[in-house]
Amino acid sequence: MKVILQSLTKEFPSRNKRSKDVVVAVNDFTFEIPDGKLVGLLGPSGCGKSTTLNLISGLEKPTRGRVLFGDEDVTDYPPQDRGVGLVFQNYALYPHMTVFQNIIFPLQNLKGKDKLTKQQMAEKAEEAAKLVQISELMERKPSELSGGQQQRVAIARALVKRPRILLLDEPLSNLDARLRLQTREELRRIQRETGITTVFVTHDQEEAMSISDMIVVMKEGVLQQIGKPQEVYDDPVNLFVAKFLGTPPINVFNASIRDGGLYIGDERVLNVGAADSESITVGIRPEGFIPNKDGALTLQLTAVEVMGRDTSVVSVHPECVGANVRSIISADSRIANDAHKVRFDLKPEKVFMFDKQTEKRVRVDLKPIGR
Amino acid sequence: MKVNKAWLYLLPAALFLIFFMVYPLLDVLVYSVEEGYNSASQTFMGIGGYNYSYVLHDPYFMQAVSNTFILVIITVPVSTGLALLISMALNSIKKLRELFQTIYFLPYVTNTLAVGLVFMILFKKTAYTDGMVNALISIFGGGAVDFIDGPYWAKMFVLCFYTVWVVLPFKILILTSALASVNQDYYRAAKVDGASGWRVFSRITLPMISPMIFYLIITGFIGAFKAYSDAVALFGTNLNAAGMNTIVGYVYDMIYGDSGGFPSYASAAAIILFVIVLTITVINLLISRKQIHY
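Chains as they are written, first to last, in my numbering: chain L, 5 to 375; chain B, 18 to 311.
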């Protein structure tokens, strides 16, 4: 089932009772989630991603705009009529019920012609439990389960009614690091097996990038960019998206364009086909540095961190906006730890230019400087 | 050494409890089996079950027991149920919530006897007036009833009404906080799962606050079994004559009342009350252990 959001807006009254201002949690969202895909809503906390999820689930009513499932306008439907399964961040498993009772709870609520016999409910619960691999835990109470198991139960409960859309709110944030890796693959598998359109919310870009078919980057209630994870990473539309995606984060420099060259400080680092400009911000991905003793960009070396597969070079530069510059290079290219300076050439496809004021991407042709 | 120190620290409290609780309790037990005990000469004639037999054959005691049981059976469920309804309502409103909470809490901080006086004015029939409640009844075409000196059911009604009114605030206080502490995500999850209002209440709300409800039921039972001052506030000190005595009232009368001077009978009655309360509390705990799972 495809999900279409049309200029969706959600405003909340301001906390300050006297002020008549409203807080715009979600601002004029329009996008389409294709059928059967796993989509990650990504953004820093407070960016409106959970509100978006609640608008899709129906727990919140939009101030303006429509929500469509396929061709059906569900904007005015209450949550139970939308056919959504929702997994809460804290799982919200009923503590006084067993796993089995938790899973069949949504089925027991069915009325009229949808009503199921006990036998049918048990079969469906068994099926859902098998899918998330908790069949042997059916008689336990949630308090007797680990965090990962609790989450599987929550997913089984959300799936047992065969929802049209599965929604997950920060599904991995309550799990420890190892379990998180395992569970995100598990999510991917469950989504593939069921083929249910799945939307999940996360503030962890790595999590979103690793399993999503599509990511939606948000900031302060405003949609920034939608696309396949790699495409968004390789082609960010603005500085925020570029900074938000990628670990270690992108290195940002103040730069200028003079006679067809991109300058960081006094060094011409790349050739550029653009008019002269002083107000340019340049982002360089950590993997965009090529060590070269005659390289174009000179940095003050702080530390070399050997990580086995590759090496992380930490250095400083007066024009760098952040505290230091972090570059990831192959472990083969040895850099002496006691050197004071380190020089790099830049990979043009890993360098992005942004307007300093608007922070929007400036798309220009970048080429290595010929020597 | 550590263990000894712990005992040392417990000693003041333990001594206090031994002198002022354990010793009197044992003393009551001793009095209750001493036949023909005379408190002036501190003598008794023998040891046996006569005191119990006397008390159990005393029509005033049986009246007091039946009054107490009726009071318990009516007021505990009614007050707990009402408190639950009111706290659910309080929990679901936003405007004026504090105001209503304060109003509902007022009886708790009001003096029992003063409230009793007000109830008498509301219910009592005198030569000059039938009382406010009767005035209300006559508006709806009913005949006047004397609630204070009239038929038994009318007096019992006033006593139960009064008791419920007095115990309600505390229960509302406990239940509103219990309801407020239920994580809202459970309700949101139930909403997405399409649970009806009744199912949300019976399958989620009620189990979640069940520990508090059982606490209120147990303390409610104990409190109602110990009722005395409420009856005095409404019907005066001669409760036997009014036919509205309670077990505790009977105990008091046996020691200090007009028929007083019988500490042994009072002790026997007190022990019987103790056994009743203990039995009921144990039954309550056994039931609650089956009902509360987490």
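Everything labelled a hint here was simulated from the structure, so no lab data went into it. Errors might be hidden in some of the hints.
[Stated by the list, open to error] Here are the simulated lysine to any residue pairs, SDA-like style, with alpha carbons at most 25 angstroms apart:
hint, chain 1, residue 1, chain 2, residue 2
1, L, Lys119, B, Arg220
2, L, Lys297, L, His321
3, B, Lys208, L, Gly151
4, L, Lys223, L, Asp32
5, B, Lys208, L, Lys364
6, L, Lys65, L, Phe35
7, L, Lys65, B, Ala106
8, B, Lys208, L, Gly69
9, B, Lys243, B, Phe178
10, L, Lys122, B, Ile221
11, L, Lys122, L, Gln112
12, B, Lys112, L, Val27
13, L, Lys117, B, Lys243
14, L, Lys145, B, Ser213
15, B, Lys208, L, Pro17
16, L, Lys351, L, Pro253
17, B, Lys111, L, Ser18
18, L, Lys65, B, Phe178
19, B, Lys208, L, Lys24
20, L, Lys119, B, Phe218
21, L, Lys145, B, Arg220
22, B, Lys111, L, Ser337
23, L, Lys345, L, Ala300
24, B, Lys112, L, Val26
25, L, Lys24, B, Ile110
26, B, Lys112, L, Pro17
27, B, Lys208, L, Ser337
28, L, Lys145, B, Ala106
29, L, Lys24, B, Lys112
30, L, Lys345, L, Thr285
31, B, Lys208, L, Thr285
32, L, Lys223, L, Ser18
33, L, Lys364, L, Gln228
34, L, Lys297, L, Thr362
35, B, Lys142, B, Pro168
36, L, Lys119, B, Phe178
37, L, Lys117, L, Gly151
38, B, Lys208, L, Gln124
**Report entry** Hint numbers not upheld by this structure, sorted from lowest to highest
**Finding:** 5, 13, 18, 19, 22, 27, 28, 31, 34, 36, 37
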